[in-house]
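In order, the protein sequence lines correspond to chains E and B.
Just so you know, our numbering puts 190 at position 190 of the first sequence, and the rest follows in order with no gaps.
Just so you know, our numbering puts 44 at position 44 of the second sequence, and the rest follows in order with no gaps.
Keep in mind that the hints are not guaranteed to be accurate.
Taking lysine to any residue pairs in the SDA-like style, the calculated list, with each CA pair at most 25 Å apart, reads [stated by the list, open to error]:
#, chain 1, residue 1, chain 2, residue 2
1, B, Lys48, E, Leu112
2, B, Lys48, E, Glu108
3, E, Lys214, E, Ala195
4, B, Lys48, E, Gln143
5, B, Lys48, E, Arg102
6, B, Lys48, E, Arg116
7, B, Lys48, E, Pro105
8, B, Lys48, E, Val106
9, E, Lys164, E, Gln143
10, E, Lys124, E, Ala91
11, B, Lys48, E, Ile70
12, B, Lys48, E, Ile56
13, B, Lys48, E, Leu74
14, B, Lys48, E, Ala141
15, E, Lys159, E, Ile56
16, B, Lys156, B, Arg94
Source of the hints: derived by calculation from the structure; they are not laboratory data.
All values reported here derive from a predicted model rather than from experimental measurement.
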Amino acid sequence: MRRAERPLLQLPVPLIGGFMLVLLSQLLFHHYSQVSREFRYQPLSNPLQASTYQGIAMGSEKLLGYLLAIRLQLHDSQAGQYFSYNRIDYALLVEWLEQITRVNPVSEYQMLLASRVYSQTRDKNRVRLILGFIERNFDHAPQLHWRRLAEASVIAKHKVGDLKLALRLAEKLALQPASTVMPQWARDIRFLLLAELNELESAIAIIEAMLQSKAVIDPDEKRFLEEKLLKFQQELIESRQSIKN
Amino acid sequence: MFTQTISLFRYLMLGILSRRLLVWVLVLALLTMLAGSFFSELAIINGKAIVVALVADFLRYSLGLFALLLITTSVAEDYEFKQFERLLTMPLSRWQYIVAQVLVIASLCLLLVLPVLLVISFYGDWQVGLYWASALWLEIFLLGLLGLLAILSLEKIPLAVCFSLAVYLLAKLSGLISQMLAESVRLSDGSLTSRFVDFIFGAILYLVPGLETFAENDVFFGNVNLIETISVQFSSTLIYALFLIAVCLVDFYRKEFNL
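Next up, chain B with everything else stripped away, as it sits in the complex (with noise of 0.2 Å):
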C-alpha cells in the first residue's frame, strides 16, 4: 500500500516538473534580484535590511501563486483526461491519491523554497535565510493544500485559483476586514445589520487560517525568536493543513466517477 501511494506520488510528481519550472524560477530569482538592487540604492539606512525584506515578500507572493497554478493545473489535467477514472480501476484507495498529492505538494514547495534559501542567505544571515525558507515552506504548502482542495471541488481552474487566492487573502487581510466592520458598527450606531455582518465574518474567521499561519517578514528587521515563531508558525500550520486534507477526503471520497 506504501509503495503503490509512493510510485502514484512519483508519477504525479514528474507530471508537474519540467524544465519550465526551472526557468521560471530563475525569472524570478533574477528579477528579485533586480528589484532589490534598485531599492537598496533608494534607501538612506537600514538598506540591505529592507532589500532582503522586499526580495523576501516577492518571493512569498510570486512562488506562492506560481506553486498554486501548477498544483491546480495537474489536478485539472488528471480531471481533461479521465486519469481518476483510470486509477480507480487499479487496486488503489482515494486516499491514497490524496496523500500522493499531498507528498507532491510538500516536495514542490521544497524544491521551490530551497532558491529561496540561496537567495535570502545571499542577502542576508543565513539562520534567518534558513528561517524564512522554512516558514515560507509551511505557507506555500498550506497555499497548495487549498488550492487542491480548490480544484478537487470546483474542477476548473480559475475557480479553484480565485477560490485559493481569496481564502489566502482573506486570511491576510483579516485584521484591516475586521477593523473596518467595527468601524462600521460604530458609525451605523450599532445597527442590527452592521453587527450581523460583523458576527458572520467573525465566524468565517474561524475557517481560515490566523496571521500566525505565515512566515513572519519582521524577522529581517530586529530580534525575533526564530525558533518560537517558527515553532507558533508549525503548529498553527499542522492543525490547518490536517483540516484541509480532512475535508479533502470527505470531497473527493464524495465524487461519482463514471467507470
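Chain E extracted, bound-state conformation (with noise of 0.2 Å):
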C-alpha cells in the first residue's frame, strides 16, 4: 500500500527556500564549471630529467618512453576538445622530445611525431625549432631517422620556404656513408634542391659523379639520374645564352 504524502506547499517553507537555493547552487556550480573546462587549455608541463624517468622507470625504459611519447601526442586532447598547435609552447614542446628520445633512444616514435605530427603548424619559427630538433636527432641515429630527415628537406622546402635549409638537411643525408642504408631517392633530394637554386653546375657534378662511380646499381634510378643530367644541362646552356643575350 502506498504511503500517503503530504503536498510540497505545505512543507515548511525554510525547507523549500533551503532545496531551491541548494539546487540553483548545484546548477550554478555545474554550468560554470563545464564553461570554464570547455575553455581551460592546461599548458605543457615541464618534463623531468631523462635520468629521473629512466629511475622511475624501473626496468621498463623503452616501455615508459613510448608511453611519455603517447601522453605528448594527446597533450592536445583536453577534456574531450582539441586543442589547435598554436597554443602549445614548441621550446618547452622540443625539450619534451628530446628527454623521451634520452629515456629511449632506439625509438622513432618521437622524430616521427615531430615530422608527421607537430610541423603541421603554419608558424614558421615553430617549424624550425622542430626541424632543429630531427636535425640533432638523426646524428645520434642516421639508420633510424633517415626517413624523418628527408621529410624534414621537404617541409623546410614548401612549408618553411627555406631553400637553403632545405638543402643542409638534404645534403646531411647524401653525405651518409655507403653504410647508412637508404634509398638512392633520398640522396637525390640534394641535387634537386641544387637544381632549385639554380646551382645547376653543382647539380650536374654531383649527377656525373654518383654515375661514374657505379653505385647507382638499378637500371631505373640510372635512367633517373640521366634525364635529370640532361636536362639541368640544357638549362645551365639556356641560362648562360640568356646572359649573354
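Put the two chains together into one complex, using the hints given.
Next comes the structure, spelled out in C-alpha cells:
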C-alpha cells in the first residue's frame, strides 16, 4: 500500500527555500565549471630529466619512453576538446621530445611525432624548432632516422620556404656513408634542391660523380639520373645564353 | 623424509588453490587485454610492441602482488590456526616446512605464469612469450620468497606485504635513489651527512636483489639475446633465492612455539 504524502506546499518554508537554494547552487556550479573547463587549456608542464624517468621506469625504459610519447601526442586533446598546435609552447615541446629520446634512444616515435604531427603548424618559427630537433637527433642514429630527415628537408622547402635549410638537411642525408642503408632517392634530394637554387653546375657535378662511381646499379634510378643530367645541362646552356643575350 | 615433505607441500598447495584464484587470474587477463586494446588504438607506430610490453608489465606487477598476498595469507593462517604447533608434534623437521613452502611458491608461480605465456604469445612472438613467462616466474618466485621470509618473521599480513613490497621497490628504484643521493651529496658540497646516507644506501643495496634479477621488458622492442638475458637473471635469482631461504631457515628455527 502506498504511503500518503503531504503536498509540497505544506512543507516548512525554510525547507523548501533551502532546497531551492541548494538546487540553484548545484546548477550554477555545474554550469560554470563546465564553461571554464571548455575554455581552459592546460599548458605543457616541464619534463623531468631523462635520468629521472629512467629511474622511475623500474627497468622498462623503452616502454616508459613510448608511454611518454603517447602522453605527449595526446596533449592537444584535453577534456574532450582538441586544441590548436598554436597553443603549444614549442620550445617546451621540443624539450619533451629531447628527454623522451634520451629515455628511449632507439625509438622512432618522437621523430615521427616531430615530422608528421608537430610540423603541421603554420608558424614557421615553430616548424624551424621541430626541424632543428630532427636534425640534431638524426646525427645520433642516421640509419633509424633517415626518413625523418628526408621529410624534414621537404618540409623546410615547401612549408618554411627556406631552400638553404632544405639543402643543408638534404646534404646531411647525401653525405651519409654507404653503410647507412637508404634508397637512392633520399640522396637525390640534394641535387634536386641545388637545381632549384640555380646551382646547376653543382647539381650536374654531383650526378656525374654518382654515375661515374657506379654506385647506382638500379637501371630505373640510372635512367632517372641521366634524364636529370640532360635536363640540368640544357637549363645551364639556356641560362648562359640568356645571360649573353 | 622426502615423501613427508611432498605430502606437506600437497597439503599446503591445496590450501592455496581455489576457484577464487582462477577467477582472479581470468579477471586480470581480461583487464590486461582491455588495457592493451586501448593503447593499441593510441599508438601511431610500434603499436603491437607497445601493447605487448604494457600487458607484460601490467601482468608482472599484478601477478606479483597477487602471489605475495596468497603466500602471506597462507602462512598467516598457519600462525592463526596454530598449524605450526600441530606440525611440530609430528615427525617433521622445520626445514621440511620451509622446503614445502618453497615448492608451493614455485608451483603457484608456475600456475600464474602459464596464462602469461598464452597472453604474450597471443599478442606477440612465442619465443618472447616463453622468455617473459620464464623471467616472470623467476621474478615472482623471488618476490614470493621475500613474502615468505617477511610473514615468517613479522607474522602479520599487512606488515609482511608492506615489507616485501618495500624491498622489491627499493631494488627496482635503486638507480633513482642512488642518483638522488649522489645529487644530494653534490648539492651539499659533499657534506658528511649526505655522504654517510649515500654510503648506508650503498651498503643496503648489497642485501637487495640487483636489477638484473628482474624480467627485462626491453625484449619487446628490439634484438635482445633472450638466452643470455635469462641466464643472467637465473644465476642472479638462484643466488638471492638461496640467501632468502637461508634467512628463512635461520628465522624459523629461532621461533619458539608453545607445544
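Here's how the hints hold up against the structure:
Annotation: proposed proximity of Lys48/B to Leu112/E holds, straight-line Cα distance about 17 Å (limit 25 Å). A threshold of 25 Å between alpha carbons decides the hint, and for Lys48/B with Glu108/E the separation of about 14 Å falls inside it, so the pair holds. At roughly 22 Å between alpha-carbon atoms, Lys214/E and Ala195/E fall within 25 Å of each other, so this suggested pair holds. Note on Lys48/B and Gln143/E: the hinted pairing holds, with a Cα-Cα distance of about 22 Å set against a maximum of 25 Å.
Distance hint between Lys48/B and Arg102/E is fulfilled; the C-alpha atoms sit about 22 Å from each other, no more than 25 Å. For a cut-off of 25 Å, the pair hint linking Lys48/B to Arg116/E stands: about 20 Å separates their Cα positions. For the suggested pair Lys48/B and Pro105/E, the alpha carbons sit about 19 Å apart, so the restraint of at most 25 Å is met. For the given pair, Lys48/B sits about 16 Å from Val106/E by alpha-carbon distance, which is consistent with the 25 Å threshold.
Between Lys164/E and Gln143/E the alpha-carbon distance is near 23 Å, which keeps this suggested pair within the 25 Å criterion. Simply put, Lys124/E and Ala91/E have alpha-carbon atoms about 13 Å apart, close enough for the 25 Å limit, and the pair holds. Among the hinted pairs, Lys48/B with Ile70/E is consistent with the structure: their alpha-carbon atoms are about 14 Å apart, no more than 25 Å. Proximity of Lys48/B to Ile56/E is assessed by CA-CA distance (about 23 Å); at most 25 Å being required, the pair is judged to hold.
The suggested pairing of Lys48/B with Leu74/E holds, with an alpha-carbon distance near 19 Å, which does not exceed 25 Å. About 23 Å separates the Cα atoms of Lys48/B and Ala141/E, which keeps this hinted pair within 25 Å; it holds. Straight-line distance between C-alpha atoms of Lys159/E and Ile56/E comes to about 39 Å, which puts the hinted pair past the 25 Å bound. A distance of roughly 20 Å separates the Cα atoms of Lys156/B and Arg94/B; the hinted pair therefore holds under the 25 Å criterion.
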